[in-house]
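Visitor: For reference, the chains in residue letters:
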Amino acid sequence: MDAQYRDLMMKRVNRFFGYSLLILTSLILIAPVFFMVISSLKVDAEYLTYPIRVFPSTPQWRNYQLVFIMTPFAKVALRTAVLALSTATLSALISSMVGFAFARYNDVKGNKQLFGLVIAMLIVPFIVILIPQFILYARLKLTNTYWPWILGALAGSPYNIFMFRQFFLNFPKELEDAAEIDGCNPFQIYWRIFLPNAKPVIATVMIFGFINVWGDYLMPSIYLNASKTLLGVTLATAFKNPQGIDLKTISLAASVIYILPLIIVFFFGQKQILKGVVTSGLKG
Amino acid sequence: MESGITANQLERKESGQRTLTRNQRRTLTFYLFVSPWVIGFVLLGIFPLLVGLLTSFTNYDGLNLDTVKFVGLGNYARVFEDPDVSFSLVRTILWGLANLPLWLVLSFLLALILNQDVKGSGFFRTIFYLPSLIPITAAVTAWRIILEKNFGMLNASISRFTPEPVAIGWLSDYSLPGMTSIAIWGGLGYGMVIFLAGLQGIPDELKEAAQIDGANSWQVFRHITLPLMTPVIFFQLVLGLIGSFQQLNLPLLVTKVGIAASSVPPRPIYLYMIHTYQQIFTSGRYGYGTALLWMLFIGILILTWIVFWSEKYWVYSGASEGAN
Numbered sequence: 001m002d003a004q005y006r007d008l009m010m011k012r013v014n015r016f017f018g019y020s021l022l023i024l025t026s027l028i029l030i031a032p033v034f035f036m037v038i039s040s041l042k043v044d045a046e047y048l049t050y051p052i053r054v055f056p057s058t059p060q061w062r063n064y065q066l067v068f069i070m071t072p073f074a075k076v077a078l079r080t081a082v083l084a085l086s087t088a089t090l091s092a093l094i095s096s097m098v099g100f101a102f103a104r105y106n107d108v109k110g111n112k113q114l115f116g117l118v119i120a121m122l123i124v125p126f127i128v129i130l131i132p133q134f135i136l137y138a139r140l141k142l143t144n145t146y147w148p149w150i151l152g153a154l155a156g157s158p159y160n161i162f163m164f165r166q167f168f169l170n171f172p173k174e175l176e177d178a179a180e181i182d183g184c185n186p187f188q189i190y191w192r193i194f195l196p197n198a199k200p201v202i203a204t205v206m207i208f209g210f211i212n213v214w215g216d217y218l219m220p221s222i223y224l225n226a227s228k229t230l231l232g233v234t235l236a237t238a239f240k241n242p243q244g245i246d247l248k249t250i251s252l253a254a255s256v257i258y259i260l261p262l263i264i265v266f267f268f269g270q271k272q273i274l275k276g277v278v279t280s281g282l283k284g
Numbered sequence: 001m002e003s004g005i006t007a008n009q010l011e012r013k014e015s016g017q018r019t020l021t022r023n024q025r026r027t028l029t030f031y032l033f034v035s036p037w038v039i040g041f042v043l044l045g046i047f048p049l050l051v052g053l054l055t056s057f058t059n060y061d062g063l064n065l066d067t068v069k070f071v072g073l074g075n076y077a078r079v080f081e082d083p084d085v086s087f088s089l090v091r092t093i094l095w096g097l098a099n100l101p102l103w104l105v106l107s108f109l110l111a112l113i114l115n116q117d118v119k120g121s122g123f124f125r126t127i128f129y130l131p132s133l134i135p136i137t138a139a140v141t142a143w144r145i146i147l148e149k150n151f152g153m154l155n156a157s158i159s160r161f162t163p164e165p166v167a168i169g170w171l172s173d174y175s176l177p178g179m180t181s182i183a184i185w186g187g188l189g190y191g192m193v194i195f196l197a198g199l200q201g202i203p204d205e206l207k208e209a210a211q212i213d214g215a216n217s218w219q220v221f222r223h224i225t226l227p228l229m230t231p232v233i234f235f236q237l238v239l240g241l242i243g244s245f246q247q248l249n250l251p252l253l254v255t256k257v258g259i260a261a262s263s264v265p266p267r268p269i270y271l272y273m274i275h276t277y278q279q280i281f282t283s284g285r286y287g288y289g290t291a292l293l294w295m296l297f298i299g300i301l302i303l304t305w306i307v308f309w310s311e312k313y314w315v316y317s318g319a320s321e322g323a324n
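For the record, the sequence lines run as chains B and U.
Taking our numbering, the leading residue of the first sequence gets 1, the next gets one more, and so forth.
Taking our numbering, the leading residue of the second sequence gets 1, the next gets one more, and so forth.
Just so you know, these hints were derived from the structure itself, not from any lab.
Quantities reported herein were computed from a predicted structural model and do not represent experimental measurements.
Each hint can be trusted.
Between beta-carbon pairs, the in silico distance windows are:
#, chain 1, residue 1, chain 2, residue 2, range
1, B, D7, U, D84, 58 to 68 Å
2, U, I306, B, V278, 23 to 33 Å
3, B, Y50, U, I306, 44 to 54 Å
4, U, S157, B, D7, 34 to 44 Å
Glycine residues also receive a C-beta, built at the ideal position from the N, C-alpha and C atoms.
Chain B with its partners taken away, still in its complex shape (with noise of 0.2 Å):
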């Protein structure tokens, strides 16, 4: 009895510094987005006081107005959803055929070598690639063009080709057959029967393509120039007064518009997402 009576006090007392921990360590992860939306509404002198002032005095809800009337805000966003979702789509797609081939066609001479090259591609780190890749385009004069996304969706990427190939393996093998009696060429039965029944992969792949090129900060500011620029570079660059200085309540209404369409994604489609990061490695 005491000994059953200890164990229960011991599970008790875990229990709560297990939700302690987990309550605190929400707070502290909160925190940032919690402060970004608060100071968006502050006037900059109100932005950092000692002692701090936690809530504005008044909620300045024109720091939202200015965004949009201070830049191109709406162009930019607009721009850079078209990207994002064109470039998500088309390497969607062709990572789905290509991981289609890998998985149906193992009996195929080569696939076995490929498959390995598409896993060393993971581990090559993207800066080596990115430098030489850029001075490539700027000598093809296709820098300050969307052409080095677009080339690129059009290769596929080696995380959603994984991903993709993962997925069709577990595929039965009768209703590739089954549809090849009924008459259909290899492409029809990726088109009309693996492609649809991968809808879980598509939308896995594809918020991981939007997040990517919407949150970009690096490839825009190494290949656009400001007419042509995405939103991550005008967020760190344009919010400036005539004389060069910050101004930081005003970018950070931006920041919370920015980061707004990534959170609504996140709470409807969260189940793909996280079991694409489980599935591939990859990060949001």
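We have chain B already, so just place chain U on it with the hints.
Guide: Same frame as chain B, now just chain U:
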């Protein structure tokens, strides 16, 4: 995978001539389907890598294509003489040491707690993952509120306990801890999700059996959970190592290098990639910059190889069969 091959072999036995053409047809279809990736791999992967390698043997500066000269291994020799390289390498290693272990331990810990039957674990998981979703530009903007030198939340909070208000440069003189907190904040949810998936793959029977044999929860963790998780830890360690050495975005944004062209990054986070970036984009030393990149590539390959070599000493290999 197996069934596809055997079905094919069967067919081959049935009719010799027709299957040959069928095999050829399948080969053709396969290569047609994978051709976008193969073409991309050659033109956007191998070719740039080789161009980078070629550039690293020249004095190319972006404009002198007509008069470009081969300088042999000159650029590589310079890598070893450049005091900024050794400095930035040390800073990069410090950056990795500050980051990786802390990140691994914290995200593992969170996953362990969430793996217990916690009420609202889905909710906590969502909250923990959220920072991983926030793009680096927005994350840095938000963290400035906390880490800013003058009256940032952190310094203001510390100042409550000190006689004089403090002004610690978490984004300049002490940028290593400052940037580490941003990086860990952004990576914790990602690490947790991966560890959680690994933990959920451990069969309950194993733990129950150990408990029946009288093992306490520490012993269960030490002798069952931890060994079975070593493949996941290994995987995370490899990726984290590669990531640390490539870190560029964060110091770039924190210090606004490249945003204001003249700004010099503070020495505490003058990482290897920052040095490389400066050589290429600020000074136009493409030859030297690509040499730095290739040295990084070789360095990462060696490190990865070392980690893979160490694998047999600490990674439990029996689990991989169950995982497939």
